[in-house]
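My request is simple: use the sequences and hints to build the entire structure.
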Amino acid sequence: MPDVTMRIWRGDSTGGDFTNYTMPAVEGEVVLDMVHRIQAGPAPDLACRWNCKAGKCGSCSAEINGMPRLMCMTRMEDLPTEEPVIIAPMKTFPIIRDLVTDVSFNYAMARQLPPLALRPADGPDGTYRMQQMDVERGQELRKCIECFLCMNVCHVIRDHEENKAHYAGPRMFIRYMELESHPLDTNDRRELLRQRMGLGLCNITKCCTEVCPEHIKITDNAIIPLKERVVSGSYDPVAWLGRKILRRTKRSAAEAAADAPAQHTPTSEDRLERQTVPATR
Amino acid sequence: MSTIEDAKPVPVTLGGVRGGPAGARTLRRDPWWRSPTITFVFLTAFVVYSAWAVFQNADYYVGIAQHRDLISPFYSPCIMGSCVAGAHGTFLVLHWWTITPALFALSVPAGFRSTCYYYRKAYYRSFWQSPPGCAVADGHARYSGETRFPLILQNLHRYFWVLALVWNVILTIDAVMAFRLPGDGGIGVSVGTLVLVANATLLWLYSLSCHACRHLCGGHVDQFSKAPIRHRLWKIATPLNERHMQFAWASLIMVALADLYVRLVAAGWIHDPKLF
Ligand code: SF4
Ligand code: SF4
Ligand code: FES
Ligand code: FES
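Sequence order for the protein chains is A and B.
The working numbering puts the first residue of the first sequence at 1, with every later residue one more than the last.
The working numbering puts the first residue of the second sequence at 282, with every later residue one more than the last.
FYI, nobody ran anything at the bench for these hints, they're computed from the structure.
Check before you lean on any hint, since a few could be wrong.
Said to hold, decoys possible - Derived pair list, reagent style DSS-like, types lysine-lysine, alpha-carbon separation capped at 25 angstroms: (1) A:K217 to A:K56; (2) B:K516 to A:K143; (3) B:K507 to A:K244; (4) A:K217 to B:K516; (5) A:K217 to B:K402.
None of the values given here were measured: they were computed from a predicted structure.
In structure tokens form, the structure reads like this:
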């Protein structure tokens, strides 16, 4: 088999450049195998994150020929090899070294997500009854392996760094949807999504869905349903009237805040932090 | 009951040094520009054609003189003073409306389609370049998404959906009326009938596969076992919704072809053949 040239980004926060490594091709390899052979050969100091080599740990995210993908799930034979294969680190997150980026932004957003708040138990013994139809919608959303390729490709933060301060991003939106539509949950996260988590910043251009290695339909099954829920909460006078009359659906955050004491009493430290996070609007 | 006040803000560090070549628009080598270009060409062609057709204000109705009852979907409902004889609905005639009736007839479909989640994706990518392709740099320095006026109005999509259903009913009546062949056997099927039936069918498929429809059918329910009928409806809307893009294109092209067909027959360029 002919040789393949791999053009890999080498560098850290002080700068960097692409370096070419020409390696013999081996049948059946994925990009990560190639990177490992480069580590074993010409560049033992090449930094890259990986763990499972099975598309399940979500560590080996990179940009291969410009497209955000998992290195362990991209077969060499599917890439054109007449030209060098370009491998760059994820662009949206700060670089640590070579192909390794600092994805802690995603954890900051995850920590702000209001958790599940259980409704009263169904049985006197504190248990709940759930049917298959209640749980199946969330199953797709729980397939996420946290590779953060969707967050990386999302132009809202990829091309507009300033939006990171108030944007949960596609990976967190599927988590929001999972909890918002959870059959046992009583929390209402819609105002949070609208005002501070930047749901309105997403313009449903679906790149997150295109790159998701778990084939989660992030836009159709999480973001758009959330947008529709926010419409009912904030932009839909008919739904508002219906809620007033029927009092059946979840109450809006403002209504809830009016007669329920906040569970979390902000400390002075929180207030300081809050000032550093600007609202979306 | 969590509220926005409960969510503890976590500060985010901005402005870290990014890897990869600075200033590169994209590292992609595949023809990523192909699909936005095709979208651009087709949407532009449709807008140009419909703008032309709207201001023709003629040749949109094939009436009794040609033994047919065919009205162009661009001109239906035709309830204005300016409508040609025969194309009038019998109800609510806006006598004071003297400009082209298509402006009224197209207002709801235009609002519906331009706030549609699929078309939003299509024109944000191909016209607004935001982003032109995945992992291709946004064409704009600043970005506020759909959080400000006018794009915040996209949230009104579900109202356009309701109005679009009314329009669908009217266009379905038009399709049923197209089975009338006055003076040519009374009732029958011509190519024009099939064109209007196909048009109405695709419009129903397009609007019933709408994301707002899926939400209103049952997407808003958290506990499906407590709402079996809404769950059933949601189960029907979901597979339709998966093909929403296809229905969007098919119905868009069909509506233009239906207008073109009626126009050609009405202008006498072609004859509408009776099939049976
Ligand atoms: S659909 Fe929304 S969240 Fe997904 S990549 Fe596009 S803008 Fe980002
Ligand atoms: S949603 Fe998909 S792309 Fe995003 S982090 Fe999860 S697995 Fe990765
Ligand atoms: S190494 Fe685990 S996903 Fe690639
Ligand atoms: S989402 Fe396309 S018509 Fe509603």
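inquiry  = Check the structure against each numbered hint from earlier and tell me which ones fail, lowest number first.
reply    = Checked against the structure, no hint fails, so every one of them is satisfied.
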